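> Spelled out, the chains give:
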Amino acid sequence: MKTISRLGHEARLGWTLVAPALAVIGLIAIFPLGWTVWESLHLHELRMPWLGQPFVGLANYVEIAKDPRFWAALAHTAFFTVVSITLELLIGLFLALAMNRVFRGRGFVRAAVLVPWAIPTVVAALLWRFIFESQGGIANALLVDAHILKESMVWFIQTATAWVPVVLADVWKTTPFVALLLLAGLQNIDLSLYEAAAVDGANAWWQLRHITLPLLKPAILVTLVFRTLDGFRVFDLIYVLTGGGPGTSTEPVALYTFNALLQNLRFGYGSALSVVIFAITFGLALLYVRGLGVRLGGDET
Amino acid sequence: MSRTVRAVRVPSRKTAGVHWGQWVFGAALVLLMLFTLFPFYWAIVASLTPDAALFRDPSLWPQHIIGDHYRALFVDRDFITPIRNSLIVAGTTTIFCLCVGTLAAYALARLEFKGKAAIMAFILAVTMFPQISIVSPLYLLLRSLHLIDTYPGLIMPYMTFAMPLTVWVLTGSIRQIPKDLEEAAHVDGASRRQSFTKILLPLAVPSLATTGILTFIYCWNEFLFALSFTLGPERQTVPVAIALFRGQYQVPWGEILAAAVVATTPVAALVLFFQRRIVQGLTAGAVKG
Numbered sequence: 003m004k005t006i007s008r009l010g011h012e013a014r015l016g017w018t019l020v021a022p023a024l025a026v027i028g029l030i031a032i033f034p035l036g037w038t039v040w041e042s043l044h045l046h047e048l049r050m051p052w053l054g055q056p057f058v059g060l061a062n063y064v065e066i067a068k069d070p071r072f073w074a075a076l077a078h079t080a081f082f083t084v085v086s087i088t089l090e091l092l093i094g095l096f097l098a099l100a101m102n103r104v105f106r107g108r109g110f111v112r113a114a115v116l117v118p119w120a121i122p123t124v125v126a127a128l129l130w131r132f133i134f135e136s137q138g139g140i141a142n143a144l145l146v147d148a149h150i151l152k153e154s155m156v157w158f159i160q161t162a163t164a165w166v167p168v169v170l171a172d173v174w175k176t177t178p179f180v181a182l183l184l185l186a187g188l189q190n191i192d193l194s195l196y197e198a199a200a201v202d203g204a205n206a207w208w209q210l211r212h213i214t215l216p217l218l219k220p221a222i223l224v225t226l227v228f229r230t231l232d233g234f235r236v237f238d239l240i241y242v243l244t245g246g247g248p249g250t251s252t253e254p255v256a257l258y259t260f261n262a263l264l265q266n267l268r269f270g271y272g273s274a275l276s277v278v279i280f281a282i283t284f285g286l287a288l289l290y291v292r293g294l295g296v297r298l299g300g301d302e303t
Numbered sequence: 006m007s008r009t010v011r012a013v014r015v016p017s018r019k020t021a022g023v024h025w026g027q028w029v030f031g032a033a034l035v036l037l038m039l040f041t042l043f044p045f046y047w048a049i050v051a052s053l054t055p056d057a058a059l060f061r062d063p064s065l066w067p068q069h070i071i072g073d074h075y076r077a078l079f080v081d082r083d084f085i086t087p088i089r090n091s092l093i094v095a096g097t098t099t100i101f102c103l104c105v106g107t108l109a110a111y112a113l114a115r116l117e118f119k120g121k122a123a124i125m126a127f128i129l130a131v132t133m134f135p136q137i138s139i140v141s142p143l144y145l146l147l148r149s150l151h152l153i154d155t156y157p158g159l160i161m162p163y164m165t166f167a168m169p170l171t172v173w174v175l176t177g178s179i180r181q182i183p184k185d186l187e188e189a190a191h192v193d194g195a196s197r198r199q200s201f202t203k204i205l206l207p208l209a210v211p212s213l214a215t216t217g218i219l220t221f222i223y224c225w226n227e228f229l230f231a232l233s234f235t236l237g238p239e240r241q242t243v244p245v246a247i248a249l250f251r252g253q254y255q256v257p258w259g260e261i262l263a264a265a266v267v268a269t270t271p272v273a274a275l276v277l278f279f280q281r282r283i284v285q286g287l288t289a290g291a292v293k294g
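Here the protein sequences come in this chain order: A and B. For the first sequence, position 292 matches number 294 in my numbering, and the numbering has no gaps at all. For the second sequence, position 250 matches number 255 in my numbering, and the numbering has no gaps at all.
Just so you know, the hints here were simulated from the structure itself, not pulled from any lab data. Hints are not guaranteed to be accurate.
[Claimed, not checked] With the C-beta cut set under 8 Å, the calculated list includes, among others, these residues of chain B facing chain A:
# : residue
1 : A32
2 : L103
3 : V105
4 : A109
5 : A114
6 : L170
7 : A195
8 : R197
9 : P271
[What the hints assert, rightly or not] Here are the computed distance ranges between Cβ atoms for each label pair:
#  : chain 1 : residue 1 : chain 2 : residue 2 : range
10 : A       : V39       : B       : Q255      : 36 to 46 Å
11 : A       : F33       : B       : V29       : 38 to 48 Å
12 : A       : V291      : B       : R61       : 14 to 24 Å
13 : A       : V291      : B       : L36       : 12 to 22 Å
14 : B       : T97       : A       : E47       : 28 to 38 Å
15 : B       : Q181      : A       : V291      : 52 to 62 Å
16 : B       : R61       : A       : A113      : 41 to 51 Å
17 : B       : L92       : A       : G245      : 42 to 52 Å
18 : B       : V29       : A       : Q265      : 20 to 30 Å
19 : A       : M155      : B       : Q255      : 39 to 49 Å
A quick note: this is a predicted structure, and the numbers were derived from the prediction, not measured. Using N, Cα and C, we set each Cβ at its ideal position, and we do this for glycine too.
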């Protein structure tokens with residue numbers, strides 16, 4: 003039914019309608035990205051305008067490669083990402099399986115888990131900071147009462163214990179999102195598979211391992227991509243919870259870059275850091291899509 | 006029930022096992038709910054507790070309730086200003102993105118043309134952009150345009166994440182609206198413009214509302230740009246204002262938590278009210294592959 007001319011007309015109309023949105027994205031996202039790359043090849047200290055903006059080639063990148071604080075920040079980011087995503091996937095899977103069942107109060111559970119996802123990350127971070135704040139705080143009180151801790155402690159003074167509220171807050175805030183993505187995947191699974199398995203006498207554990215998990219793999223991978231990229235961008239949460247401290251021992255790459263840019267006003271170096279973060283996230287996304295064959299969106303029905 | 010059962014390929018169901026499993030399941034769910042709700046509960050309790058009692062033998066039940074922190078928030082601190090700033094910035098961004106995004110989403114959901122898949126991939130890629138990677142040029146750009154610490158100076162950067170999000174969610178949502186009515190109208194000789202304005206738009210109102218809510222929530226919660234491109238309390242948004250709360254001698258936890266409660270309530274209400282639609286909007290397209 004579709005003639006060539008109709009298709010040509012549709013193409014023109016399609017591009018015309020998409021153009022404004024693409025123009026906005028191009029102007030305020032892609033063009034600045036190019037600018038970041040350009041800045042990263044220059045020396046640009048906003049504090050020292052008399053230095054001008056000389057071209058320095060890859061000097062900023064060489065400095066990054068030799069910068070121990072950058073490598074430490076990268077390690078913190080990777081650590082945070084791996085630990086929190088592992089917990090989120092495990093708890094999220096449980097929640098998704100739970101929400102997929104019929105039980106009294108299911109509506110309440112669904113609504114309740116969505117609220118942490120929807121509130122500002124800054125607020126989530128503050129709530130958890132308050133829970134772990136001071137030796138007289140509620141976390142200390144409860145843990146001592148439950149005899150898990152002998153005496154109350156100062157959580158934010160040591161690196162190892164400072165990570166606890168950070169990871170907890172992230173798990174608290176993003177597990178709902180993970181659970182929802184997995185739940186959407188669960189709802190795509192053909193129920194007759196379970197019925198057939200039940201007729202054959204398969205128990206719940208067998209069904210989980212041989213039906214649910216294999217068929218849920220695409221959803222799990224998509225979630226993994228989203229969460230990994232989120233994890234590498236982490237900023238708000240740690241800015242508020244620990245400020246990167248004690249010292250810089252919980253500082254993620256985004257916070258280090260922010261400090262280089264807006265605290266120290268080193269725009270050349272900070273831009274180079276930005277480019278490195280972009281390259282890492284881009285590389286990770288490519289790795290997932292090419293290496294694991296994750297199909298993001300892209301359903302053309 | 007391990008060895009014997011594992012030997013059989015398809016183990017048989019045991020009634021006792023199911024009951025036991027259900028108890029564990031229920032208990033785990035209750036624990037998770039406590040974990041989810043406790044921080045909110047504790048924030049509300051603390052926001053009503055005098056500062057002096059906050060860290061001294063905290064009790065799970067409120068002892069003496071006071072409203073001082075809320076009064077201080079609005080009288081001494083002018084928390085109205087950041088709320089107004091957030092409403093203006095998030096509202097304007099959302100409306101603009103919906104207007105421009107609807108056209109794009111219509112084309113991507115309904116028209117067949119070359120390059121569509123590439124555009125979708127591009128938009129998805131931009132939603133995963135690390136914000137920090139464009140902070141430096143945006144700062145320099147806004148500074149040269151004298152837009153640091155202004156509303157347009159926040160609305161423009163917000164488009165970077167709001168526009169791709171809006172187009173992506175809206176496209177997924179419009180795809181789920183049946184095409185039949187539009188196709189029937191085309192057979193009857195209606196033009197594209199007519200079928201879009203007269204048929205699809207009215208049907209898409211719920212999609213637009215859901216997308217609008219999602220975009221608004223993302224803008225309301227944004228922190229990095231708002232922190233980078235504002236200078237003082239005049240133009241700070243709610244998250245920045247709360248994060249930078251300072252007292253004269255110590256951290257004013259009572260007021261911070263009161264502010265947290267105030268900032269959370271509207272979002273929580275939106276989410277509880279539109280729960281089903283938000284979940285649909287969030288997951289449409291994401292897991293369809």
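> Among the hints numbered above, which are violated by the structure, and what are their numbers in rising order?
1, 2, 5, 6, 7, 9, 11, 12, 13, 15, 16, 17, 18, 19
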